[in-house]
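Participant: These are the residues of each chain, in order.
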Amino acid sequence: MDGCREYQTIIGTYVDGTASEAEVALLRAHLEECAACAREVRELLRVRGLVSGLPTLRPSPSLAPAVAARLRAQRLSWLERLFGGLRPAEFRLAAVVAMALIVCIGVGVFVVNHPRPTVQPAASVAAPVGATAATGATDEYLQSCRLSHGTLDQDRAYWSPDAVQLASYGQ
Amino acid sequence: MSNSQVSALVQRARGGDVEAFEQLIGPHLGRLYNYLARMVGDPSDAEDLTQDAILRAHRAIRSFRGGATFQTWLYRIATNIAVDALRRRGRHEAKVSSLDDPVQADQGPIAREVPDTQHDPQELAETAELSQQVQKAIEQLSPKLRAVVVLFDLQGLTYEEIADTLRLPLGTVKSRLFNARTRLRELLQPYVAEVV
Chain A
1 MDGCREYQTI IGTYVDGTAS EAEVALLRAH LEECAACARE VRELLRVRGL VSGLPTLRPS
61 PSLAPAVAAR LRAQRLSWLE RLFGGLRPAE FRLAAVVAMA LIVCIGVGVF VVNHPRPTVQ
121 PAASVAAPVG ATAATGATDE YLQSCRLSHG TLDQDRAYWS PDAVQLASYG Q
Chain B
172 MSNSQVSALV QRARGGDVEA FEQLIGPHLG RLYNYLARMV GDPSDAEDLT QDAILRAHRA
232 IRSFRGGATF QTWLYRIATN IAVDALRRRG RHEAKVSSLD DPVQADQGPI AREVPDTQHD
292 PQELAETAEL SQQVQKAIEQ LSPKLRAVVV LFDLQGLTYE EIADTLRLPL GTVKSRLFNA
352 RTRLRELLQP YVAEVV
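Protein chains in written order, with the working numbering: chain A, 1 to 171; chain B, 172 to 367.
Excised from the complex, chain B in its bound form (with noise of 0.2 Å):
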């Protein structure tokens, strides 16, 4: 979607169109729940937390001042629920669910990762398992660290647009980055490390 089409379909949802405050979302539902998900390692919760940072947008679509893209606007507020719903997580203790749990949709449950077809079982298995351990280590990350990590690793954002989406200093972000990657090399030791 080009600058322009955004820009229009900004002013229209401005004025309370919410066809046209769809068709900005509609490309970023899903990278926006992969973000929420990564970040509160909860399916369940990250699809409640999708909702509210769609709401959250749309109550706000005026305050969208074009200066950032749509696409960091909504990672910002994602951002924000995302490090709330944490916070009072941290209050009211964790309740655990995994990412891999399947999803339960009206014709049966579904797997929620995009399954690989190209490798053994057993590779798989071994896969899903290192995934997990993954996902926990950057759960242990703080949540300033998991979000640059997870923004620029699986969201694919650069410095810049973390940045802008984070309200930080370039060179704040490639700390921040260098830190949770440090950390993240400690805490999984057992499949990073060389054995000498």
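Next up, chain A with everything else stripped away, as it sits in the complex (with noise of 0.2 Å):
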């Protein structure tokens, strides 16, 4: 049966009833020579015949009205419209685009309503007599308890006896 391999496409073909007259020539042929392919084909030929002899089904006499029904209540979306034409790439491509460009509105409008405050300098005051070793004091308070919420320098002049005179200043 090894050798009958060859065959295999051709008796493929001919139980579909496609295989030219060359191959159908070849095959009944060997079909001559070996029973097992020709007991194959038989058979073969038998399970189509079994296929495609099933009844067709119908379906109930609802279906049609159901669907109608149902098409007339799907009524597309606008974005349906605009996209429902897209292939499944073209569709994920168009969403990675569009959430792109979402993330990127976020952001801008974040930023624009949220600007960076902008703090003054400790060295742009004047430090009396002795802030220094308060200053250091509150660096390593600020350190330990990790309350800084921005950078070291930035909460050293929030936290400066010269920033809570000011403060007092303004009251």
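Hint data in this document are derived by calculation from the structure and do not stem from the laboratory.
Ideal Cβ placement from N, Cα and C applies to all residues, glycine included.
Certain hints may be false.
From chain A, some residues computed to sit far from chain B (all C-beta separations above 10 Å) [said to hold, decoys possible]:
no. : residue
1   : C4
2   : T18
3   : S20
4   : V24
5   : A25
6   : L31
7   : C34
8   : C37
9   : E43
10  : V51
11  : R92
12  : L93
13  : V96
14  : I102
15  : F110
16  : V111
Capping the alpha-carbon separation at 25 Å, the derived lysine to aspartate or glutamate pairs in DMTMM-like fashion look like this [as the list claims (entries may be wrong)]:
no. : chain 1 : residue 1 : chain 2 : residue 2
17  : B       : K315      : A       : E40
18  : B       : K307      : A       : E32
19  : B       : K315      : A       : E32
20  : B       : K307      : B       : E297
Assembling the complex is the task here: the two chains are given apart, and the hints tell you how they should meet.
Facilitator: Quick look at the structure:
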């Protein structure tokens, strides 16, 4: 049967009814000599006969009206009209581009509405005598308590005695 | 329906004309149902899936490029829907329902298969039994083999149309068809084997 492998493709098309005349002649010559292949062909033809002999199934009479009703209920949204014609890959690309645009716009809006606070550098305010020791103690406190939300310089400026004094002048 | 008529209806359907879409679908409804019923082996599931396939086609009508015929495009959608359903069923386990069950219509139950009035009851019973066995064997094929054999033997599509529908090379269609028949030959041994 090993030598019969070359006939497998022809057997397939023969059973399907699509073999050419030359293929049919070649196969018939082989089948006269090979009982196993001849049997295989006959059984495969029976299989084909059984499958294609299955009766056509019909849907219930309510299917067509149900389909029509659902089609009318399914009004396409503007989004589906816009993207409905895209293939899956195109749709994914469009979705990624849209998401990227939304993220960019969101970041832009956030940046515009939340400008970074400008902090006067501590060096611009004249430090009174004895402030250095107090500033060093504050640094240690901030670092140990991990209260710093900005840079250490910003925190230092905020907590410095000068800043406290300046704030109290405003009151 | 000629190609130009189909193109004109597709254009109208793309513009949101539901009536045009219904005219496009109408001639395919029964065949689509038969295909899905043979694929999933359950009549009520097949009706739901037919509706799903048509609604999906309606939503995607703009993606119909015209390279494929409308029929192969529809079968492609239906195949995807059937394969998804079979995958889901594989996860949730099968519900068993026979294709021989009558359809429940308003005017009472109707036999689902087209009746054959030319043969005697004994012969019909044997034929019905055989049909059930063949359907069971088809359901034991993997979805990709099942689709090819049902499209070729029952829906009458050509190799080229199947290749277009399933987006497969022609050679793959032929080999899958051969593999499907060989597997069915094993499954249907009592009915096809020769007594030596």
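Participant: Looking back at the numbered hints, which does the structure fail to meet, lowest number first?
Facilitator: Violated hints (numbers, rising): 2, 9, 10, 18, 19; every other hint is consistent with the structure.
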